[in-house]
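Participant: Residues per chain are reported as follows:
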Amino acid sequence: MTRRDVIHKWLVYSLGLLPVWLLDAYILPRCPLFGVVPMLLPLAVAAVAVLEGAYAGTGFGLGVGLLWELAYPGGFGGSVFFLALAGMAMGAVSQYALNQSFVGCLICAAGELALLDFLRVTRMLFINAASLSALLQVAVPEFLWSLVWTPLVWLLFRAVYNRVGGTKLA
Amino acid sequence: MKDFLRQNGILLLVIALLLSILIGVGTAVLGGQADPLSNVVNVVITPVRSGIAAAADWVEGVYGYVFHYGEMEQELDDLRTQLGELEEQVRQGEEARRENEQLRELLGLQARRRDFTFEDARITGRSTSNWESTLTLGKGTSHGVGAGDCVVTETGVLVGVVTEAGANWSTVSTIINTDTQMGGIVNRTYSAGVLEGDFSLMNQGKLKLNYLPEGAQLVSGDEVLTSGRGEVFPSGLVVGRVEGVFTDPSGQTRYAVVEPAVDLDVLIKVFVIKDFEIAE
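Taken in order, these protein sequences are the chains called A and B.
Residue numbering for the first sequence follows the working numbering, starting at 1 and increasing by one per position.
Residue numbering for the second sequence follows the working numbering, starting at 171 and increasing by one per position.
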């Protein structure tokens, strides 16, 4: 692939991320289910990492992490490294232990979301923000409701992958 | 993984780590001021955010008109009744004010006077996380909005406090957010406490009035206002009403659960108090 092909490929992936971001940032927060809003950006990283592998997963995770930190309120920098690392790990796991399928993406997304919520709960416990039961009342529904959106995100990025993914060109 | 190592994947991870540290340090150093990167990104996406918010508000309005017409009619009737009652209260309040002024003059006290400088702002974004309750406004430092400014509705009900301000946007931590901490007072009994966001109450849209005095006799429905203690935030802003009084699990202190007077989900426009004075 030439440099131009690579730019074209990641431009299409970025366009694929656009509706996910708009849904995540502006549409879904207006209609929470039982007060819970899903997290779609980590799912996008999971889908791309499973489809494209560890290296691309790291780069995409870095980009999505930057978006999360800079365009969303309340960030403290950790998401960039976390999502880049998660992208690498999920890409490697899908290459060696799982496969490029929806089930592989679902397992990776579950692991990523669980780790993300685990880190948040640990941080909240560390700063003594709330009791464990109160934190789990937020973390568990968030994890489950986010996971429900995996098929939609997977289908979107698989469509992008079928068009420009791997070494294919549009 | 071989591809990852061959293609300098480690370098990407190092870049990610450095960016994380840079943003983290920037956030910590700048406090309520937005870091330059966030500011640039948000300046660019603010018009997009405003457009989406306007479109979503329009869709909600059409939906409400089509599917809730009967409810709206009922609500209008209720509001007319409420207006009549409020007009009566205003008349009574006016009488009380005159009497109060006379008493103050009699006692030689100077009336407390507050001067608020307002900046109206449209809400362009809402919390995208289940771990915090924030609003994004379409105005920022270029309009004089800064971190620490109180945000109220048009009726003077407290919405929250600005925690971060960029050039044309700002983030408001709502009163139910876990980082909320300000002096509160129960209007009927003058019992002072500390208004605090609580994690388990946040998702129910409520907050706590902590550290109540031992003898405080609160009842459900008591109005809670900001006390203005410390003169960081204005006093007398309506926060909400007491829903119930409970004892801390330690058994040491009592706290009240407060139902905010503001409905955060339906807010469209708010007012930022950019400046206020307390003249004793």
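No lab work stands behind these hints: they were computed from the structure.
The model shown is predicted, which means the values in this text are computed figures rather than measured ones.
There may be inaccurate statements among the hints.
[Claimed, not checked] Sample of chain A residues lacking proximity to chain B, with all beta carbon distances greater than 12 Å (derived): (1) 88; (2) 123; (3) 146; (4) 156.
[As the list claims (entries may be wrong)] One-sided excerpt, in silico: chain A residues whose CB lies under 8 Å from chain B: (5) 20; (6) 65; (7) 89.
Heads up, the beta-carbon is just placed ideally off N, CA and C, and yes, glycines get one too.
Participant: So which of the earlier hints does this model not fit?
Facilitator: 1, 2, 3, 5, 7
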